[in-house]
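With the hints as constraints, model all of the structure from the sequences given.
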Amino acid sequence: MESSESSVSDIWSNSFALIPKNSFNFYFSKIGILLGLLPLINGPLADFHIEWNPFVSLMLQVYASLLGFIIAGYTLFIASPHPKFQLAYWRHQSKGVSLLRLHFLIYMKLFLTVFIGTILFGLLAILFQIWTTLGGLIVVSDKISIVVQVILLSSIGWSMSGAAVQMKVMIFNLYSFSMTQMQFIDATESCESTEAGGDVNTER
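Going by the numbering used here, the first residue of the sequence shown is number 481, and it counts up by one from there.
Since the hints were derived computationally from the structure, they do not count as laboratory data. Some hints here could point you the wrong way.
The following label-pair restraints were derived from C-beta to C-beta distances [as the list claims (entries may be wrong)]:
hint, residue 1, residue 2, range
1, P563, P534, 42 to 50 Å
2, A497, A559, 25 to 33 Å
3, Q609, A667, 52 to 60 Å
Built from N, CA and C at the ideal position, the CB exists for glycine as well.
Now the structure itself:
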């Protein structure tokens, strides 16, 4: 059986369509955009690229580290030593969608969110470096400056809050998956022990 997702864009769109909605996650990600715009309350920042360059460089390192953490967690997730549990998890459905597929979609959504954020901060770091190097050669009006800063800061706020929400979702799902797996193993071993015990009594 082939996966219904044939590209990364399919996974991204299905992650929004199939993963259950959560009001806290939705509004928290929007709050991140508003928080990102707080520095612009008093108007555009004169030395925006200089003031935000260290922060962007720091976040680029943080996001790159997060990507490594996500990949490691994903590897542990798919390398379950109990294939029967994964099969049972695949067959169990929530609102017509396999629970195992939902877990994988959540992982992929988190990975793509952080990956997009890494690209964003990487591009910003390059942009700020060019901006700093050119110095006074770039002269823009206050209107253009405020538009550029609004776009950049709202993108930063969305990226950070989105990554935080997806990390929260991933940690919860790791916990849920691990506890469910332990319950499955315990129930399976109990059944096997009971059957083995029955066989011994019969042989006696």
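> Among all the numbered hints in the text so far, which are the ones the structure does not match?
Replying inline: none
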